[in-house]
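Enquirer: Please model the complete structure; the sequences and the hints are all you need to start from.
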Amino acid sequence: MKLLPKFLTSAALAVGLAMPAFAQDPFKVGFIYVGTPGDYGWTYEHDQARLAVEATYGDAVETVYLESVPEGADAERSITQMILGGADMIFTTSFGYGEATNAVAARFPDVYFEHATGYMREHANVSTYNARFYEGRAVLGHIAGQMTESNIIGYIGSYPIPEVIQGINSAFLHARAVNPDVEFRVVWAYTWFDPAIEADAAQALIDAGADVIMQHTDSTAPQTVAQEAGIISFGQASDMIQFAPRPRVASIIDNWAPYYIRRVGEAMNGTWTQSDIWEGMPEGMVVIGELTEAIPAEVRASAQEMIDALKAGTYHPFTGPINKQDGSPWLAAGEVADDGTLLGMNFYVEGITGDIPN
Amino acid sequence: MIALEKRPQPARGWVIGAPLLAVVLTMIAGGIMFAALGKDPVGAIRIIFWDPLFSEQFSGYSRPQLLVKAGPLILIAIGLSLGFRAGIWNIGAEGQYIVGALCGAAFGLAFWPSTHPLIFPGMVLAGLLGGVLWAMIPALLRVYARTNEILVSLLLVYVAEAMLASAATGWLRNPEGAGFPGSRNLARHAGTDNPELIAGTGMHWGVLAAFVAVIMAYVIMTRHVLGYQIRLAGQAPRAARFGGVNAGRLVILCMGVSGALAGMAGLFEVAGPAGRISIDFNVGYGFTAIIVAFLGRLNPIGILLAGLLLALTFIGGELAQLMLGIPAPAIQAFQGMLLFFLLALDVLANYRVKLKRRVAA
Numbered sequence: 000m001k002l003l004p005k006f007l008t009s010a011a012l013a014v015g016l017a018m019p020a021f022a023q024d025p026f027k028v029g030f031i032y033v034g035t036p037g038d039y040g041w042t043y044e045h046d047q048a049r050l051a052v053e054a055t056y057g058d059a060v061e062t063v064y065l066e067s068v069p070e071g072a073d074a075e076r077s078i079t080q081m082i083l084g085g086a087d088m089i090f091t092t093s094f095g096y097g098e099a100t101n102a103v104a105a106r107f108p109d110v111y112f113e114h115a116t117g118y119m120r121e122h123a124n125v126s127t128y129n130a131r132f133y134e135g136r137a138v139l140g141h142i143a144g145q146m147t148e149s150n151i152i153g154y155i156g157s158y159p160i161p162e163v164i165q166g167i168n169s170a171f172l173h174a175r176a177v178n179p180d181v182e183f184r185v186v187w188a189y190t191w192f193d194p195a196i197e198a199d200a201a202q203a204l205i206d207a208g209a210d211v212i213m214q215h216t217d218s219t220a221p222q223t224v225a226q227e228a229g230i231i232s233f234g235q236a237s238d239m240i241q242f243a244p245r246p247r248v249a250s251i252i253d254n255w256a257p258y259y260i261r262r263v264g265e266a267m268n269g270t271w272t273q274s275d276i277w278e279g280m281p282e283g284m285v286v287i288g289e290l291t292e293a294i295p296a297e298v299r300a301s302a303q304e305m306i307d308a309l310k311a312g313t314y315h316p317f318t319g320p321i322n323k324q325d326g327s328p329w330l331a332a333g334e335v336a337d338d339g340t341l342l343g344m345n346f347y348v349e350g351i352t353g354d355i356p357n
Numbered sequence: 000m001i002a003l004e005k006r007p008q009p010a011r012g013w014v015i016g017a018p019l020l021a022v023v024l025t026m027i028a029g030g031i032m033f034a035a036l037g038k039d040p041v042g043a044i045r046i047i048f049w050d051p052l053f054s055e056q057f058s059g060y061s062r063p064q065l066l067v068k069a070g071p072l073i074l075i076a077i078g079l080s081l082g083f084r085a086g087i088w089n090i091g092a093e094g095q096y097i098v099g100a101l102c103g104a105a106f107g108l109a110f111w112p113s114t115h116p117l118i119f120p121g122m123v124l125a126g127l128l129g130g131v132l133w134a135m136i137p138a139l140l141r142v143y144a145r146t147n148e149i150l151v152s153l154l155l156v157y158v159a160e161a162m163l164a165s166a167a168t169g170w171l172r173n174p175e176g177a178g179f180p181g182s183r184n185l186a187r188h189a190g191t192d193n194p195e196l197i198a199g200t201g202m203h204w205g206v207l208a209a210f211v212a213v214i215m216a217y218v219i220m221t222r223h224v225l226g227y228q229i230r231l232a233g234q235a236p237r238a239a240r241f242g243g244v245n246a247g248r249l250v251i252l253c254m255g256v257s258g259a260l261a262g263m264a265g266l267f268e269v270a271g272p273a274g275r276i277s278i279d280f281n282v283g284y285g286f287t288a289i290i291v292a293f294l295g296r297l298n299p300i301g302i303l304l305a306g307l308l309l310a311l312t313f314i315g316g317e318l319a320q321l322m323l324g325i326p327a328p329a330i331q332a333f334q335g336m337l338l339f340f341l342l343a344l345d346v347l348a349n350y351r352v353k354l355k356r357r358v359a360a
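Residue numbers (numbering that gives the first Met the number 0), protein chains in the order written: chain A, 0 to 357; chain B, 0 to 360.
A couple of the hints might just be wrong.
Stated by the list, open to error - Below, simulated SDA-like cross-link-like pairs (lysine to any residue); rule was C-alpha separation at most 25 angstroms, straight line: (1) Lys38/B x Glu66/A; (2) Lys323/A x Ser165/B; (3) Lys38/B x Lys323/A; (4) Lys38/B x Val63/A; (5) Lys323/A x Pro328/B; (6) Lys27/A x Glu175/B; (7) Lys323/A x Pro174/B; (8) Lys27/A x Gly37/B; (9) Lys27/A x Asp39/B; (10) Lys38/B x Pro328/B; (11) Lys323/A x Asp39/B.
Keep in mind the hints are simulated off the structure, nothing from the lab.
Expert: Laid out in structure tokens, this is it:
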């Protein structure tokens, strides 16, 4: 155990060295990615936002990232090594990094932490941020409900968490509103990014009769499968415009750049404070990509109306009357869902068949 | 003309020399790859192999992390190596790792929020039994139904993953977790936690167990009759049968031990570094441990070193990504090179290279 004091001193040294940020040093911002920027989906958009931060602040910032970091014990080490490498601010861009983010934040009170799509803010230097994806899903459901001919819409879910369930419910409600015969088939992939599994899921849904595929996973594999099958799909997380005009007829885009630029700026000039934001289409965090000419003109027009209303904040996708799956009332006529219920959403709305894995 | 001639005994010098040469060859080939990517090759190699151990900036943190990362790999690989030596192929340690974590965590959560000092030992025992239970399925099926334990143990990994998902989203879900999947945090609760035994060293119960397992395996393989039986069954199954080795009992024993160690590794991980049951709890330790076992030549000391080396390339590789912007796939390719050279150079230990003059026909 003679080595022990040495271990401790070097640990203290390492921590001490990482702390002081000299004025002439660029402000170093680190990003932890759950996938790879080449996924053309979720991580791609976070990486675009990282590049936007670089473009905005030029030499005043330096960015680093680690890709394909598993959500769990490894994340804590990755974040810590990033900080020992000089990072002053960390964006952890997946739900599963919540515990690791907070654990590291406790040890480095002078580093700013931003955790995407989570809810844990155990220390003053941790903020969380999320997007109201369900707003965009409403538009996709509206289009899907009118374009399906088999009346079966396939939906690839990642994990049965509130964010994903919100999306399924929102898409279903708006598909049903324009097509009372429409049905949803949901397949759970239990992954955010795995092209092979996602392709299998898409194929299984097509075999079950689906002629529209929606996905809440990050790869473009379902688009490829949809293209081969000659059916339609929607870009997820990023535009996936390379699959337009068919199968990708529209897309739901996560636009993190404005938020990242704002928060990095605040951290640099010392006005950063802890926050928990949940922004959607009005703020531009959720964007609907180009509606292609594969969509009939009148559907495109009504979808555009819905987009405009959502952007203006005059329409909430969860406006009553809405019943839960078991038929019990959830929202009365005209009533709008509160954020608390949405954030913990663990039930399907009336009309969706199947159970949420439990 | 170059010819290979089988050695009667593996050459002693090459048994040690081949791994060292492999590391050097990896550095050269990897350096060329990094240079081709436009990165400083010397800097990259230094960051991967040197900085995690000796740099002032990182080593204070990464040295303990080496143990955290290597601990479960070594613990699982030791268990696997016993069976592998006897020709019993447990490929499903990942599943036993998951079931061990599930059983151990379930035990701890059943008594929540008790902090009784017997809870953690109970969790370890539950984890161990969970791993044994999961390993017994392929073991008993092999002994009594003559199924192939490679396939059965491997396929049971996917069953275990489905159980993990259902536990994280259902029966072990944190009731105070706002509907999100994942259990309560065991690591942050006195009584169910697997803490660092000495602060700042990364040494938790699982790492300690790994070291104990290395010593026990060494003693069993060199001093105990069981070790003799295992080696005999692996090298000459027929002779073993005539020599009175009960093949069925050996299968059950080897599968049981590897299941027990994998299950314990899962429990130590879920109560320590991982903290809780989540859908993505398993990150492939059970599969990587197979590589570690063979990299260490199924020898306990070799496995210890191989586990540490692999952990070093993980942590150093991460630093290289971070500091030099080397893409993650290049790091994986680098790790692949290391394995390739290590296994390829085995040929030097087992064969003599001879230059033969071509005889005129």
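Enquirer: Each hint should be assessed against the structure and marked as holding or not.
Expert: Going down the list of hints, with the structure as the test:
no.	hint	verdict
1	Lys38/B x Glu66/A	holds (18 angstroms)
2	Lys323/A x Ser165/B	holds (23 angstroms)
3	Lys38/B x Lys323/A	violated (56 angstroms)
4	Lys38/B x Val63/A	holds (15 angstroms)
5	Lys323/A x Pro328/B	violated (45 angstroms)
6	Lys27/A x Glu175/B	violated (35 angstroms)
7	Lys323/A x Pro174/B	holds (21 angstroms)
8	Lys27/A x Gly37/B	holds (22 angstroms)
9	Lys27/A x Asp39/B	holds (21 angstroms)
10	Lys38/B x Pro328/B	holds (14 angstroms)
11	Lys323/A x Asp39/B	violated (59 angstroms)
Consistency note: the structure conflicts with the earlier hints numbered 3, 5, 6, 11.
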